[in-house]
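Quick note, the sequences are listed as chains A and B, same order. Just so you know, we're using full-length UniProt numbering here: the first sequence kicks off at 1 and counts up by one. Just so you know, we're using full-length UniProt numbering here: the second sequence kicks off at 1 and counts up by one.
Just so you know, these hints were derived from the structure itself, not from any lab. Take the hints with a grain of salt, since some may be wrong.
No copy labels: a pair is met if it fits in one copy or bridges any two.
[As the list claims (entries may be wrong)] Lysine to aspartate or glutamate pairs mimicking EDC-like chemistry, simulated, CA-CA at most 20 Å apart:
1) Lys348 to Glu337
2) Lys285 to Glu214
3) Lys219 to Glu337
4) Lys219 to Glu275
5) Lys108 to Glu214
6) Lys285 to Glu249
7) Lys187 to Asp328
8) Lys240 to Glu48
9) Lys107 to Glu223
10) Lys348 to Glu236
Every value quoted in this text rests on a predicted model; they were computed, and no experiment measured them.
Here's the letter readout for the chains.
2 protein chains.
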Amino acid sequence: MAICYQSPFKPITTLSLPRTHQTRKTRPCGVVVVVRCSKTQLLSTEPEPVFTSVRSFAPATVANLGPGFDFLGCAVDGLGDHVSARVDPSVHPGEVSISEISGDNAKKLSKNPLWNCAGIAAIEVMRRLGVRSVGLSLSLEKGLPLGSGLGSSAASAAAAAIAVNEIFGARLSTEELVLAGLKSEEKVSGYHADNVGPAIMGGFVLIRSYQPLELVSLKFPAEKELFFVLASPDFEAPTKKMRAALPTEIGMPHHVWNSSQAGALVAAVLQGDVEGLGRALSSDKIVEPRRAPLIPGMAAVKRAAIEGGAFGCTISGAGPTAVAITDDEARGRAIGERMVEAFMVEGKLRAEAVVRRLDRVGARLVSSIPR
Amino acid sequence: MAICYQSPFKPITTLSLPRTHQTRKTRPCGVVVVVRCSKTQLLSTEPEPVFTSVRSFAPATVANLGPGFDFLGCAVDGLGDHVSARVDPSVHPGEVSISEISGDNAKKLSKNPLWNCAGIAAIEVMRRLGVRSVGLSLSLEKGLPLGSGLGSSAASAAAAAIAVNEIFGARLSTEELVLAGLKSEEKVSGYHADNVGPAIMGGFVLIRSYQPLELVSLKFPAEKELFFVLASPDFEAPTKKMRAALPTEIGMPHHVWNSSQAGALVAAVLQGDVEGLGRALSSDKIVEPRRAPLIPGMAAVKRAAIEGGAFGCTISGAGPTAVAITDDEARGRAIGERMVEAFMVEGKLRAEAVVRRLDRVGARLVSSIPR
Numbered sequence: 001m002a003i004c005y006q007s008p009f010k011p012i013t014t015l016s017l018p019r020t021h022q023t024r025k026t027r028p029c030g031v032v033v034v035v036r037c038s039k040t041q042l043l044s045t046e047p048e049p050v051f052t053s054v055r056s057f058a059p060a061t062v063a064n065l066g067p068g069f070d071f072l073g074c075a076v077d078g079l080g081d082h083v084s085a086r087v088d089p090s091v092h093p094g095e096v097s098i099s100e101i102s103g104d105n106a107k108k109l110s111k112n113p114l115w116n117c118a119g120i121a122a123i124e125v126m127r128r129l130g131v132r133s134v135g136l137s138l139s140l141e142k143g144l145p146l147g148s149g150l151g152s153s154a155a156s157a158a159a160a161a162i163a164v165n166e167i168f169g170a171r172l173s174t175e176e177l178v179l180a181g182l183k184s185e186e187k188v189s190g191y192h193a194d195n196v197g198p199a200i201m202g203g204f205v206l207i208r209s210y211q212p213l214e215l216v217s218l219k220f221p222a223e224k225e226l227f228f229v230l231a232s233p234d235f236e237a238p239t240k241k242m243r244a245a246l247p248t249e250i251g252m253p254h255h256v257w258n259s260s261q262a263g264a265l266v267a268a269v270l271q272g273d274v275e276g277l278g279r280a281l282s283s284d285k286i287v288e289p290r291r292a293p294l295i296p297g298m299a300a301v302k303r304a305a306i307e308g309g310a311f312g313c314t315i316s317g318a319g320p321t322a323v324a325i326t327d328d329e330a331r332g333r334a335i336g337e338r339m340v341e342a343f344m345v346e347g348k349l350r351a352e353a354v355v356r357r358l359d360r361v362g363a364r365l366v367s368s369i370p371r
Numbered sequence: 001m002a003i004c005y006q007s008p009f010k011p012i013t014t015l016s017l018p019r020t021h022q023t024r025k026t027r028p029c030g031v032v033v034v035v036r037c038s039k040t041q042l043l044s045t046e047p048e049p050v051f052t053s054v055r056s057f058a059p060a061t062v063a064n065l066g067p068g069f070d071f072l073g074c075a076v077d078g079l080g081d082h083v084s085a086r087v088d089p090s091v092h093p094g095e096v097s098i099s100e101i102s103g104d105n106a107k108k109l110s111k112n113p114l115w116n117c118a119g120i121a122a123i124e125v126m127r128r129l130g131v132r133s134v135g136l137s138l139s140l141e142k143g144l145p146l147g148s149g150l151g152s153s154a155a156s157a158a159a160a161a162i163a164v165n166e167i168f169g170a171r172l173s174t175e176e177l178v179l180a181g182l183k184s185e186e187k188v189s190g191y192h193a194d195n196v197g198p199a200i201m202g203g204f205v206l207i208r209s210y211q212p213l214e215l216v217s218l219k220f221p222a223e224k225e226l227f228f229v230l231a232s233p234d235f236e237a238p239t240k241k242m243r244a245a246l247p248t249e250i251g252m253p254h255h256v257w258n259s260s261q262a263g264a265l266v267a268a269v270l271q272g273d274v275e276g277l278g279r280a281l282s283s284d285k286i287v288e289p290r291r292a293p294l295i296p297g298m299a300a301v302k303r304a305a306i307e308g309g310a311f312g313c314t315i316s317g318a319g320p321t322a323v324a325i326t327d328d329e330a331r332g333r334a335i336g337e338r339m340v341e342a343f344m345v346e347g348k349l350r351a352e353a354v355v356r357r358l359d360r361v362g363a364r365l366v367s368s369i370p371r
């Protein structure tokens, strides 16, 4: 698959050493990492590819997390999208083409890079890197269903952003990669970073501000176990419709309640208090009460999860997936069975449930072929 | 001062050992302590006094902390109220009398224990302990000005609650002491625990719920420095008027913004990120914009604090005190001078500023005379 590539323009190398994949991945070692974004700065010198091809992975993400609506999200392990990127002399220099999309919903996605999450993010990374002399060909392997509330578009964007960045020596910072992902999210589902942030950074991420972009990585303690039970029904919950269901005005008591639960949620994450995390995630009085009735059976699914021993349950993203929290994998499977049953009995919907750990790494290089 | 007291009724001792003062104080060793309150349970056996007199202290507190409105507060060191309590045979058994109130505003406070913060809390602790055979006499030393936004009523209630509990062997739990303090707060300034919680527990306290009462202690790292610059103007900001200024409905964007800042504030506390803490505290878009205009000069004071190097500034509690954040004591003094000047120039108000550390201990026994 690897294609040997000779750069037509010899780039002038910069003095700063390119960040390696390893360096970036080992960075979030503190409890809280605050990432502040400087103004967009294009690299003054064009980078040369260090790989002829790479394959990357970006995980599924659960955004909102109840009272964390629109500013909190986390990544889940073992579910996500892959992107392969290769230097392709047949692609116009400085541009990106999408050669293949595989997976169950491949046909629903455009191969036009300007209309594809992975393509938009890849183009933005190329632009930020200042790549003008090399064309890339992308192959997208969709592991995530579309419109499920698991950050499908963000996973594609994150995997593509990482893949392109890695090909050119991983020169962009984490925040620039998130900004590239945001460019994609903006086009397909709105300018929000609560999926693409954790898809790139892993773990829990709090979006503190957009102007400038500022992300706070909330480190869940390494020694603690955290499992997400994700029950996805066969139902479409369009983000637009789910957003239209939101209240425009919120009474002060509900504002204070949800804010305090958001604070409790952040505390529970940093402390590794899975029970507290579940209860906080389950406590939303503003968004979930409006959205749950639009997903058949959701109220019963939540009850079933709690009765099954989950510490909490809410809607993942804009739905329709329901997410429950536990610290025990076997119990998670039993909870998942109850949730699937409740979707069927109360919502008349077929559903599937999986139990997944927190993804603490985020988007990553899976394999690479050096030049 | 000590009066020798012989209990007229020999109490039956319980099997459980009474908690000592030391045990209670060393308890909050984890990053987050979740205190859940069981239903009110009166002790089945009447406790015997272990001291003839005690003297306690409870610190000033800063409630709200910007986006933490109505659910977050913290204690500040070196400012507060003292309460002396002694076994007094001249007081009707099971009752409390207030023998003395000292301090600048002593004359404004009632000596009727049913109408005094310290008295109400003391009576509630007596009731919870089941004390029927011993009368107590209280002496209150007000170190805090009234209505300043520094939790004056909570400090009196907390000091009294601790004093009475200690006299009888410190049998009540932290949450029961907070509930006793809440009884007092309810009567004088509303049923809110964001002052009395930290006044009793020290440090930062998040009020997660009231039914049941659930408090989350947020541990600011021991190795980090945190200073509060408290600038108190000669101005009355009645809590009732400040509460009437609040909006009843909040737009979704402001709700999301303030919630995210509340989350960022909690993260900054647990991580010891003083800069992040200051910025989050300074970011309120809901309450401060309504209340600041009611305190002459407040906007200028905030600007002056930030220009002076503070990481953030907001209204302490319902005001009129302004609170700024720094990690350097000397800089704190300079910031305080600027704040005082701004109150004078822009608000035509005389003000005083002090620089205080975070109080990490909360209400405590200062001295005691054993029986």
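Verification of the supplied hints:
1. Lys348 to Glu337: Answer is within: at 15 Å inside a copy they meet the 20 Å cutoff, but 67 Å across does not.
2. Lys285 to Glu214: between (26 Å within a copy, 18 Å between copies)
3. Lys219 to Glu337: This pair counts as neither: shortest intra-copy Cα distance 30 Å, inter-copy 38 Å.
4. Lys219 to Glu275: For Lys219 and Glu275, the Cα distance is within 20 Å both inside one copy (16 Å) and across copies (19 Å).
5. Lys108 to Glu214: Close neither inside one copy (33 Å) nor across copies (48 Å); limit 20 Å.
6. Lys285 to Glu249: both (13 Å within a copy, 15 Å between copies)
7. Lys187 to Asp328: neither (38 Å within a copy, 45 Å between copies)
8. Lys240 to Glu48: neither (41 Å within a copy, 66 Å between copies)
9. Lys107 to Glu223: neither (42 Å within a copy, 56 Å between copies)
10. Lys348 to Glu236: Within. Shortest intra-copy distance 14 Å satisfies the 20 Å Cα cut-off; inter-copy 61 Å does not.
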